[in-house]
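S.K.: Read top to bottom, the protein sequences are chains A and B. Everything in the first sequence is counted per our numbering, starting at 1 for the first residue and increasing by one. Everything in the second sequence is counted per our numbering, starting at 1 for the first residue and increasing by one.
What the hints contain is simulated information worked out from the structure, not anything from laboratory work. Values in this document were obtained by computation on a predicted structure and should not be read as measured data. Built from N, CA and C at the ideal position, the CB exists for glycine as well. Hints are supplied without guarantee of correctness; some may be wrong.
Said to hold, decoys possible - Here are some chain A residues the structure puts well away from chain B; computed CB gaps all over 12 Å:
1) 1
2) 42
3) 70
4) 84
5) 96
6) 102
7) 104
8) 172
9) 245
10) 256
11) 258
12) 277
13) 285
14) 291
15) 308
Stated by the list, open to error - Derived contacts from chain B toward chain A, CB cut-off under 8 Å, selection only:
16) 42
17) 62
18) 74
19) 79
20) 81
21) 99
22) 100
23) 121
Number of protein chains: 2
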Amino acid sequence: MRVVALSGGIGGAKLALGLYRVLPPSRLTVIVNTGDDFDHLGLRICPDIDTTLYTLAGLANTELGWGRQGETWTFMKVLEELGGEAWFRLGDGDLAVHVERTRRLRSGETLSEVTRDIARRFGVQARIVPASDEEVRTRVHTPDGVLAFQEYFVRRRCAPVVTALSYEGAASAEGAPEALAALTAQGLEAVILCPSNPYLSIDPMLAIPHLRAALRACAAPVVAVSPLVRGAALKGPAAKIMQELGVPRAQCAIAGHYGDLIDALVIDRADAAEAAAVPLRHLITDTVMTSLADRERLAREVLAFAAQLAAGKRGRA
Amino acid sequence: MRVVALSGGIGGAKLALGLYRVLPPSRLTVIVNTGDDFDHLGLRICPDIDTTLYTLAGLANTELGWGRQGETWTFMKVLEELGGEAWFRLGDGDLAVHVERTRRLRSGETLSEVTRDIARRFGVQARIVPASDEEVRTRVHTPDGVLAFQEYFVRRRCAPVVTALSYEGAASAEGAPEALAALTAQGLEAVILCPSNPYLSIDPMLAIPHLRAALRACAAPVVAVSPLVRGAALKGPAAKIMQELGVPRAQCAIAGHYGDLIDALVIDRADAAEAAAVPLRHLITDTVMTSLADRERLAREVLAFAAQLAAGKRGRA
Numbered sequence: 001m002r003v004v005a006l007s008g009g010i011g012g013a014k015l016a017l018g019l020y021r022v023l024p025p026s027r028l029t030v031i032v033n034t035g036d037d038f039d040h041l042g043l044r045i046c047p048d049i050d051t052t053l054y055t056l057a058g059l060a061n062t063e064l065g066w067g068r069q070g071e072t073w074t075f076m077k078v079l080e081e082l083g084g085e086a087w088f089r090l091g092d093g094d095l096a097v098h099v100e101r102t103r104r105l106r107s108g109e110t111l112s113e114v115t116r117d118i119a120r121r122f123g124v125q126a127r128i129v130p131a132s133d134e135e136v137r138t139r140v141h142t143p144d145g146v147l148a149f150q151e152y153f154v155r156r157r158c159a160p161v162v163t164a165l166s167y168e169g170a171a172s173a174e175g176a177p178e179a180l181a182a183l184t185a186q187g188l189e190a191v192i193l194c195p196s197n198p199y200l201s202i203d204p205m206l207a208i209p210h211l212r213a214a215l216r217a218c219a220a221p222v223v224a225v226s227p228l229v230r231g232a233a234l235k236g237p238a239a240k241i242m243q244e245l246g247v248p249r250a251q252c253a254i255a256g257h258y259g260d261l262i263d264a265l266v267i268d269r270a271d272a273a274e275a276a277a278v279p280l281r282h283l284i285t286d287t288v289m290t291s292l293a294d295r296e297r298l299a300r301e302v303l304a305f306a307a308q309l310a311a312g313k314r315g316r317a
Numbered sequence: 001m002r003v004v005a006l007s008g009g010i011g012g013a014k015l016a017l018g019l020y021r022v023l024p025p026s027r028l029t030v031i032v033n034t035g036d037d038f039d040h041l042g043l044r045i046c047p048d049i050d051t052t053l054y055t056l057a058g059l060a061n062t063e064l065g066w067g068r069q070g071e072t073w074t075f076m077k078v079l080e081e082l083g084g085e086a087w088f089r090l091g092d093g094d095l096a097v098h099v100e101r102t103r104r105l106r107s108g109e110t111l112s113e114v115t116r117d118i119a120r121r122f123g124v125q126a127r128i129v130p131a132s133d134e135e136v137r138t139r140v141h142t143p144d145g146v147l148a149f150q151e152y153f154v155r156r157r158c159a160p161v162v163t164a165l166s167y168e169g170a171a172s173a174e175g176a177p178e179a180l181a182a183l184t185a186q187g188l189e190a191v192i193l194c195p196s197n198p199y200l201s202i203d204p205m206l207a208i209p210h211l212r213a214a215l216r217a218c219a220a221p222v223v224a225v226s227p228l229v230r231g232a233a234l235k236g237p238a239a240k241i242m243q244e245l246g247v248p249r250a251q252c253a254i255a256g257h258y259g260d261l262i263d264a265l266v267i268d269r270a271d272a273a274e275a276a277a278v279p280l281r282h283l284i285t286d287t288v289m290t291s292l293a294d295r296e297r298l299a300r301e302v303l304a305f306a307a308q309l310a311a312g313k314r315g316r317a
């Protein structure tokens with residue numbers, strides 16, 4: 001069974017880890033959002049790729065919820081003493097990834113190549129693929145002007161009201177070859193949109209024309225796992241942004257957002273009453289992943305659901 | 001009293017610290033070798049400037065003999081896991097200096113400006129000035145070819161035989177404005193060549209034409225403190241290089257090396273018998289600086305010696 005997951009950072013990586021643990025690892029490709037990537041202190045930082053790498057490698061800092069376990073913070077302490085920009089916290093070990101990646105990108109390697117090698121070095125057997133090797137940058141439109149993503153997300157802690165989002169570079173980006181290949185591969189059995197923020201984590205990928213087209217043309221069922229539970233996101237500003245954009249914080253709005261790109265939606269049991277309003281096949285289950293067992297259970301259920309959908313698709317074909 | 005010291009890394013910084021502690025700090029300018037500087041992992045690394053900064057700021061790692069005290073090494077550990085270049089050890093706190101300096105240099109600040117600000121942030125009240133804002137790079141000629149300085153010094157641990165040295169960029173470098181200003185300042189009372197390696201630490205500075213000319217024209221006495229004791233250097237490859245270049249490992253050779261650029265030489269008591277062969281004014285004293293008190297004592301003695309020489313110069317004028 002070949003499976004592709006599209007994921008952003010923390011929330012999405014939880015399900016990606018579940019999938020990684022229940023599938024033969026070589027069968028999983030995780031296409032990761034690069035809209036959060038930015039250049040900071042002269043370094044290329046790819047937060048969602050790194051969260052995915054650390055999570056699948058078993059290196060994630062589960063206390064902080066981001067970064068690496070066993071991390072030290074000496075760099076940051078001295079950087080602050082030097083009056084450097086300290087609003088984006090970089091752990092000492094994490095920094096090695098940024099320094100090494102930046103060096104390799106400057107020497108001409110693609111982000112896909114660098115990511116593949118780092119994954120291999122960290123012992124990750126699944127393919128972790130950036131959505132694009134070219135720069136795609138999420139811009140957050142607010143009454144104060146257009147903010148770079150990390151300016152909005154980290155520096156201003158998602159406080160500004162979002163009036164619109166745009167994805168600089170996406171329209172002309174090609175999509176990473178391995179991402180496109182995974183979506184068009186023979187034997188692909190499911191595409192899972194992880195419960196990441198649709199606006200900040202999934203849309204920057206869907207805004208890449210070839211990637212969107214590959215998803216639409218995909219023979220395998222495309223299943224989105226909703227990030228909403230009782231009208232709120234477990235983490236991050238998804239619900240806040242929906243409200244600011246005038247979109248109801250409801251499962252039907254998530255379904256409507258992805259439109260005909262998806263075949264089905266996975267909805268939390270707490271929102272079972274909303275299911276009737278979702279104009280798509282759906283699975284109602286527990287989507288909150290607290291333990292590792294939760295991640296694995298949800299992954300299994302989503303895969304089983306996708307298999308049912310695939311049988312249905314084949315039946316209709 | 002205004003004093004200028006020319007210094008390389010560890011050995012020279014010991015005397016620079018002594019001078020810093022016995023002089024009103026604002027009266028001391030330390031001109032530091034940049035021939036060891038290099039670009040590594042995309043970062044500009046200035047080992048001698050940093051050693052001088054850390055030493056004068058009281059931040060030096062006295063156990064290791066280089067780097068910062070209270071250092072952590074997480075960056076290096078992860079970099080090794082990633083297969084990155086690990087032969088040059090960079091501590092996590094040290095890295096903040098390299099990252100911040102590199103960022104500022106790229107944004108157009110000069111090395112002098114960046115160094116001045118870092119010194120201020122670390123609470124150093126003396127002026128620490130790079131010999132040049134332009135790149136000067138020591139090249140070590142060996143039977144295996146021409147090696148970049150750190151390739152010779154760190155990676156190959158000074159093992160290759162040195163047949164010659166050259167200082168790329170020195171002939172066309174201007175010399176840092178603050179370095180030249182310090183050497184031509186009214187009221188300058190002494191210039192001290194610290195007991196650094198003449199070939200690797202002092203010569204890259206003397207190879208800068210304006211800096212050499214300023215030193216030669218200097219009204220104040222120029223006093224070199226010999227790095228040799230009993231024909232050996234306390235640290236580093238000075239004696240090995242002298243032997244390889246066919247130069248006697250003797251005090252008279254140090255005097256001959258600096259020639260008419262210096263007025264006097266400070267010689268260790270162990271080499272008192274060699275003093276007669278030194279065709280210059282000389283001071284015989286203990287030059288081995290083990291304790292902080294040693295550094296301060298030697299600094300006081302060298303300053304008193306320079307004051308005597310200055311009185312003599314004035315007497316002759």
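S.K.: Confirm or reject the statement that residue 172 of chain A sits farther than 12 Å, beta carbon to beta carbon, from all of chain B.
M.R.: 27 Å, holds
S.K.: Minimum Cβ separation between residue 277 of chain A and chain B greater than 12 Å?
M.R.: 48 Å, holds
S.K.: Looking at residue 102 of chain A again, its CB stays over 12 Å from all of chain B?
M.R.: Violated, because the least Cβ-Cβ distance between residue 102 of chain A and chain B comes to about 6 Å, which does not exceed 12 Å.
S.K.: In terms of Cβ atoms, is chain B entirely out of 12 Å range of residue 285 of chain A?
M.R.: 37 Å, holds
S.K.: Answer holds if the nearest beta-carbon of chain A is closer than 8 Å to that of residue 62 of chain B; otherwise answer violated.
M.R.: 18 Å, violated
S.K.: Checking a non-interface call: every C-beta of chain B should be farther than 12 Å from the C-beta of residue 245 of chain A. Is that right?
M.R.: 36 Å, holds
S.K.: Should the interface hint for residue 42 of chain B be scored as holding, given a Cβ-Cβ cut-off of 8 Å against chain A?
M.R.: 5 Å, holds
S.K.: Double-check residue 74 of chain B for me: the hint is only fine if its C-beta lies closer than 8 Å to a C-beta in chain A.
M.R.: It holds, given that the least Cβ distance between residue 74 of chain B and chain A is near 4 Å, below 8 Å.
S.K.: Please settle this one: residue 256 of chain A was flagged as non-interface, so is its CB more than 12 Å from every CB on chain B?
M.R.: 43 Å, holds
S.K.: Would the hint on residue 121 of chain B be counted as holding, given a Cβ-Cβ threshold of 8 Å to chain A?
M.R.: Holds - the Cβ of residue 121 of chain B comes within 8 Å of chain A, reaching about 5 Å at its closest.
S.K.: Against chain B, does residue 1 of chain A keep a CB gap of more than 12 Å to every residue?
M.R.: 31 Å, holds
S.K.: Can the hint on residue 79 of chain B be confirmed by a CB-to-CB distance to chain A that is less than 8 Å?
M.R.: Holds, about 4 Å.
Figure legend: structure checked against the earlier numbered hints; hints not met, in rising order: 2, 3, 4, 5, 6, 7 and 17.
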